[in-house]
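Trainee: Position chain B against the provided structure of chain A, taking the given hints into account.
2 protein chains.
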Amino acid sequence: MSEYIEHDKDKNSVGIVKKEFFTFAEPPDEMVLESGARLGPITLAYETCGTLNAEKSNVILILHALSGDSHVAGCYSEDDEKPGWWDNMVGPGKGIDTNKYFVICSNILGSCMGSTGPCTINPKTVLPYGLDFPVVTIGDMVDAQKALVEHLGIKKLLAVVGGSIGGMQLLEWSVRYPEMVTAGIPLATTTRHSALAIAFNEVARQAIMADPKWKGGNYYFGPKPDLGLAVARMIGHITYLSDESMRHKFGRRLQDKSDFSFNFDADFQVESYLRYQGKKFVERFDANSFLYITKAADYYDIRRAHGNGSSVKAFSKTGAKFLVVSFTSDWLYPTYQSRAMVKAMKKNGLDVSFCEIEAEWGHDAFLLSNARLTTLIRGFLERVYNQTAK
Amino acid sequence: MSEYIEHDKDKNSVGIVKKEFFTFAEPPDEMVLESGARLGPITLAYETCGTLNAEKSNVILILHALSGDSHVAGCYSEDDEKPGWWDNMVGPGKGIDTNKYFVICSNILGSCMGSTGPCTINPKTVLPYGLDFPVVTIGDMVDAQKALVEHLGIKKLLAVVGGSIGGMQLLEWSVRYPEMVTAGIPLATTTRHSALAIAFNEVARQAIMADPKWKGGNYYFGPKPDLGLAVARMIGHITYLSDESMRHKFGRRLQDKSDFSFNFDADFQVESYLRYQGKKFVERFDANSFLYITKAADYYDIRRAHGNGSSVKAFSKTGAKFLVVSFTSDWLYPTYQSRAMVKAMKKNGLDVSFCEIEAEWGHDAFLLSNARLTTLIRGFLERVYNQTAK
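Chain order of the listed sequences is A and B. Per this note's numbering, residue 275 is the first one in the first sequence, and the count goes up by one each step. Per this note's numbering, residue 275 is the first one in the second sequence, and the count goes up by one each step.
Everything labelled a hint here was simulated from the structure, so no lab data went into it. Don't take each hint at face value.
Where chains are identical, the list cannot tell them apart; a pair therefore holds if satisfied intra-copy or between any two copies.
Dumping the calculated SDA-like pairs for lysine to any residue here, alpha-carbon to alpha-carbon at most 20 Å [claimed, not checked]:
1. Lys553 - Met483
2. Lys523 - Gly583
3. Lys489 - Asp500
4. Lys620 - Glu453
5. Lys487 - Asp500
Only chain A is shown next, with the shape it has when bound in the complex:
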């Protein structure tokens, strides 16, 4: 996700939160992955906020996207200036109201923000996994999340919420463990990547793998493939924005100059912005995790895993209520893909609400503060809670 978002520290914060860790699948009871490979032990970093009610009926699982983490809301200390990535939505009185709901968010399997991934030490070699890390799928991520949820003693989730790759995870949750999912809110997502989305991910991966410092994934004891990862991030960034938002935000404005440089420095603001985003990203993200998570997203296809080629058949496996939201300027997962998803859900008689929100911010719109989105999510959760959990 983009760093485009400006976080404001607000008085309606969930306050201080703590990153916690849960380890499972200790050998020999390793987790069997969709590929058939085995992996263990597995650690998931996670955070919670709000209070679990006595009936454990107020649980909302939030699933993050490509570069996100478990830090969905609140701050790590009083001095922490940067709240969690969805602090505008999650907190007391907010769209996902932590006065009512108990929120769980875990870092996905394969990531680098505390959960097991390619940068983790492989117990068999006592070295970082690198490319020995097995290719994980969205389904594998969900299986790991399920282990965490059960570890927390929770049998049923009031709602699962996620945007982008987080949305794929929630769709998978709904058909893989239907008995555990009362409702789902897929935002700016798709049931499978288009050729265009795969193409962008593939070029980004190629940019990483073209960096000689990548060294086949074994770079953990030397310089990192920062240049390749920066290019990959820049490609991603373009897809998160939109023609319109870039026109408004940058246009053809020059960066700190009144005329062209006539060299290959950054002349335009949009160039400086992308370079900066690339540079900032490599400080916090692991190149191999980028490869693994984008591959999982490209592989994901709800029809393939659950519907024998049919999304209608796939959604026949769930009874969840859904609130599906797309954004007008999202060209990575355009509205037509959400509409197709909604159609397949409705053909199964599911209780589905759908809204396309007018927004110029492209794919990133789902992360930005948006009164319409907040109202929709609040209303949907209230209805589901009143109908089922009270």
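Mentor: For chain B alone, coordinates are given in the frame of chain A:
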């Protein structure tokens, strides 16, 4: 341009053509560039087809895009299997009918297909220019073309035709040398790059410059930055296609396998296609030329150079007739940009025809055989020729 296009050798070919060379701006009479830098000598590679009439009133100048060359139509020998890049449009009886018109196409300044560019030997150092080559602009390219046209004894062009970056050149021709341009056919182009178009070019340049083999542009005596250039080309390729065309051409079909590889090989056809295109491109194109030409395109802004910020004012400098064509699925230079151009032309009372062609092939559509486009171009040229050149 994309290699996406299948060329058919056809009986209506212009036949055997020859690449010729014109050298000018010999020191000390170097060409003064827009940046103020001086460059010379300058060689342009060019080709012609058709026959120049006695009045020299049947000349059509065709301007190529990023990776094109002077080889617009015909073949280099009887055994040559690959005709020029616009052979479907240029030839006897074709849209640009070489039975009637005399066609000139030259390789642009800064390119690597025979014209002077960064891979040319700098006479001052007797080494390839590399980044000592000055940053050239679309205007500089046009100035060099003008020298060639005058060298051929031609005072007026019946029409100037170009798509994409070639279209920018023709717009520049029309306002820089209005007395020489009777008509112009800008296809799938724009009067200036959007932030989105600049962003894609910048990321492609970053991919090249991130390749350690690029060595600040001085790679001509060693290994070339092939990996970086391949990534740059792949990024470009995605922008030349469209969501729709990629869905139809590739969808989620796997390449030579029935199941996922669960590694980082190319699983999907779209991945193989992009890797292949990247690989093929580095065999024929110079990485530094890619930097220079994309920079020229990003800099181009008809308002800035000719209109004091206004495109209406810029087009007040020309009396040319125009046929403007855009394509529905072109998201690099979307139709709204062509409409804005047409509006500015019309505000000057110019004779402008505009057509948005329904095509799913994205930006590349202008290069593909298209009956509608052929008919439009043929009709427009006939009208202009009958009105002015007969």
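Trainee: It remains to establish, for every hint, whether it holds in the given structure.
Mentor: Hints and how they fare:
For a Cα distance limit of 20 Å, the shortest separation of Lys553 from Met483 qualifies both inside one copy, at 17 Å, and across copies, at 14 Å. Within a single copy, Lys523 and Gly583 get their C-alpha atoms only as close as 41 Å, which misses the 20 Å cut-off; across copies the closest is 19 Å, which meets it. With identical chains, the CA atoms of Lys489 and Asp500 are at most 20 Å apart both within one copy (12 Å) and between copies (17 Å). For the identical chains of this complex, Lys620 and Glu453 are intra-copy neighbours only, at 19 Å inside a copy versus 64 Å across copies, given an alpha-carbon limit of 20 Å.
For a Cα distance limit of 20 Å, the shortest separation of Lys487 from Asp500 qualifies both inside one copy, at 8 Å, and across copies, at 16 Å.
The earlier numbered hints are all upheld by this structure, with none contradicted.
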